[in-house]
Structure formats: C-alpha cells, structure tokens
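Novice: Position chain B relative to chain A; hints supplied.
Protein chains: 2
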Amino acid sequence: MKPSSSQLALAEALRRLPGIGPKSAQRIAYHMLQHDRDGARQLSQALAEAVERIRHCERCNTFTEETVCALCMNPEREQSLLCVTETPADMLMIEQTLAYKGLYFVLMGSLSPLDGIGPREINLGKLMARVADGTVTEVVLATSFNNEGEATAHYIGEMLKARGIRVTRLARGVPVGAELEYVDVGTIARALMDRRIT
Amino acid sequence: MKPSSSQLALAEALRRLPGIGPKSAQRIAYHMLQHDRDGARQLSQALAEAVERIRHCERCNTFTEETVCALCMNPEREQSLLCVTETPADMLMIEQTLAYKGLYFVLMGSLSPLDGIGPREINLGKLMARVADGTVTEVVLATSFNNEGEATAHYIGEMLKARGIRVTRLARGVPVGAELEYVDVGTIARALMDRRIT
Chain A
1078 MKPSSSQLAL
1088 AEALRRLPGI
1098 GPKSAQRIAY
1108 HMLQHDRDGA
1118 RQLSQALAEA
1128 VERIRHCERC
1138 NTFTEETVCA
1148 LCMNPEREQS
1158 LLCVTETPAD
1168 MLMIEQTLAY
1178 KGLYFVLMGS
1188 LSPLDGIGPR
1198 EINLGKLMAR
1208 VADGTVTEVV
1218 LATSFNNEGE
1228 ATAHYIGEML
1238 KARGIRVTRL
1248 ARGVPVGAEL
1258 EYVDVGTIAR
1268 ALMDRRIT
Chain B
1078 MKPSSSQLAL
1088 AEALRRLPGI
1098 GPKSAQRIAY
1108 HMLQHDRDGA
1118 RQLSQALAEA
1128 VERIRHCERC
1138 NTFTEETVCA
1148 LCMNPEREQS
1158 LLCVTETPAD
1168 MLMIEQTLAY
1178 KGLYFVLMGS
1188 LSPLDGIGPR
1198 EINLGKLMAR
1208 VADGTVTEVV
1218 LATSFNNEGE
1228 ATAHYIGEML
1238 KARGIRVTRL
1248 ARGVPVGAEL
1258 EYVDVGTIAR
1268 ALMDRRIT
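Order-wise, the sequence lines are chains A and B. Numbering-wise, my numbering comes out as the position in the first sequence, counting from 1, plus 1077. Numbering-wise, my numbering comes out as the position in the second sequence, counting from 1, plus 1077.
Excised from the complex, chain A in its bound form:
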C-alpha cells in the first residue's frame, strides 16, 4: 500500500521548500489535505501568480511586478545616495528604520566562491551600470556582517572607489538594548575601536 500519486507528488514538491525534509513534507501534506484544503488552493494560486508576475526591478534589482519599482520611481528619494543590500528583506528592514532617504540596489545574494557564487551571480555588472551616469555620489554598503557579506562589501567597495565614488559601510557595534555580558567579544572589540565622542 502506497500513498496515492497526487499525495506523493505533493510531498515531493513540498520538499523543494527550504528547510523541509521528507517527514515534515509528509506531515504538511497530510495537514493541508485533511484540515486546510482552502489553504492549499490559496497557496497553489499564490505560487503560480508570484512566479508569473514577479520580476526584478531594472534599476534596483529588487522583486517587483513593474519594470521599475515604486521606490526607484519616487522623485522624493535622494538620487545621489545608493544603499546596497543582499536581499529584498534587508532592504525592507532599512526602510522600516525611516532613517534612510536614498535609493537602493539589491544584490540578491553575497559572494561565496565555494558555492559558485561570483560577481556575475550577484549582479555586479548591473550595479556598475547603475552608478555609471554619475548621479550616485555615495554608496552605503549594507551587506551582512558575516564572512560572505564582509567579502562582498570589500569587493564592491574596491570597484566603486576605483570609479571615484564615496563608499561607506553601516556602523558596527553593540546592538541597541544589548547587555554587554551577552555580547560576543568580537563585537565589543569592534565597538571599542569604533568608539565615538558623545
């Protein structure tokens, strides 16, 4: 006795989701079929529509349903300032701070030569084309502070400096609200080096 082929196909397809193994896939398939067929229909449609409609913004490379996204089209954003992030989620985090008024460029990844992710995979050609007309005078590098993010920031920084663009990086330091006792030593060391006069 095997599960029906549609059920096997569903469990197999669910395994394509990141972080879902065979047991979870089977459990999810069971849950959706037994308790949430509406949810299954909704997810099916959402996946199909998203794959159909979502593309990359021609200017900032983020996900959008337009040729150029609404943020890039907004004339009130500061045109000379460009913030580089790894993902659309990182870009949204920065937007939520309400502390940034410039434009963005989303790499959709970070350099990771061992995983086969080089400059082409993170759209550096598109970034260079984006800054070629001279409107952008400062690029804020907001990649992650892990190894890949730091390497990516370094690599991009060198390329941009060679073209005479001012390159800055988000400040490193102790997170707001953190108790020193629970912050890692590397962060504290960095926060000491970068200490500021108040």
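No wet-lab data here; the hints were simulated from the structure. These figures come from a predicted structure and were not determined experimentally. Some hints could be false.
Heads up, the list lumps identical chains together, so a pair's fine if it works in one copy or across two of them.
BS3-like cross-link-like pairs, simulated, lysine-lysine; straight-line CA separation at most 30 Å [unchecked claim]: (1) 1178 with 1100; (2) 1100 with 1203; (3) 1178 with 1238.
Specialist: Just chain B now, kept in the frame of chain A:
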C-alpha cells in the same frame, strides 16, 4: 516601499503551512522566487492536483484517488482483521513492518474534546458501519500512546466490545534497541506489568 502584492500574497499563503511563521514565510518566498521558480511551479501544480483528486476511501477512510483504495480491494488481505490508526502515515508505518496482513480503518484524528474533536470528527459512524456486516471479528487498536490516543482507543474499544467484536491493542513496552537508562519510567513500569514468558 512594500513588497509587491504577489509576493505578499505568497508569504501570506505560505503561513497556512503548519509550523511556518511570518519570518520563515518571507524567507521561503524569497528563496523560491530567487532560486527555485521551477520548484514553485511544481508545488503550485502538486497542491492543485492533490486538492482536486484526493478523497477518502469509502471503506477505510484513508486518502486515495479511487472510490475504494487498492489495499481495501486486495482479496489477499485478511478480511476478518481490522487495524484502526489515527492517520494515513501511521497506517504506512504498520505496512512497512510487513507484520500485518489484515485491513485498516483510518480515523483521521483522535478524540480531543477540548479542541472540539468528538466522535463525529474522527468518523466513528463510518467505522461502525464498516464493521456492521460481521466480516470483521477482531479490531486492532493502533492509535498513539499519548492521552488522546489512549482515550480514543478506550472509547472505540467499548463501542466495539458492545457489538461482540474482539478488541486488541498494540503492545506497550521498551522500544527495540533502547537502553533502559534512557527509557522513561512509565514505559518501564508498563513493560514490567506486561512482561512475557520467553
């Protein structure tokens, strides 16, 4: 700046999956759109087909694409023996032992009055109709050994015994391969009570 509406709809739909919160949903949506659009298409189709095709077997209540599933139609299975499980996954586990040659009935749940799951929700009417013709002479209760599963087994057992059907329960005891030191005391107590002459 908000994510596009298709992307929001996808993240929202992914939250219908059990165990997926808002951050995971956003991360999965990003992954599928950026790295696995084929997987997204495949999952969309699998969900739609599964919802469309899968129903419950008229005899054993498991998921199937037929009116009566292949196992129930198999004349070589012992017709007088019926094993009751909570889910199709539990049924598959028992099949994998190759130690059972009878038929099944899948409750699709277990009694849990506090969650509003009563006899009707776990298809007890269908089970009683299934055993009404007298072919089945023994029912093996293979519900879980947690509170809900035990309560369910007790409830069903009483109903079946009142109809003169022999009712058995899977043996409790120390798992195969387990070291006693790491087995919980309740299991050991049970294994002592149910000890067998070798």
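Novice: Next step is simple, just say for each hint if it's right about the structure.
Specialist: Hints, one by one, checked against the model:
For the identical chains of this complex, residue 1178 and residue 1100 are inter-copy neighbours only, at 25 Å across copies versus 46 Å inside a copy, given an alpha-carbon limit of 30 Å. In this assembly of identical chains, residue 1100 and residue 1203 lie within 30 Å of each other by CA distance solely across copies; the values are 28 Å between and 41 Å within a copy. With identical chains, the CA atoms of residue 1178 and residue 1238 are at most 30 Å apart within one copy only, with a shortest distance of 22 Å there and 74 Å across copies.
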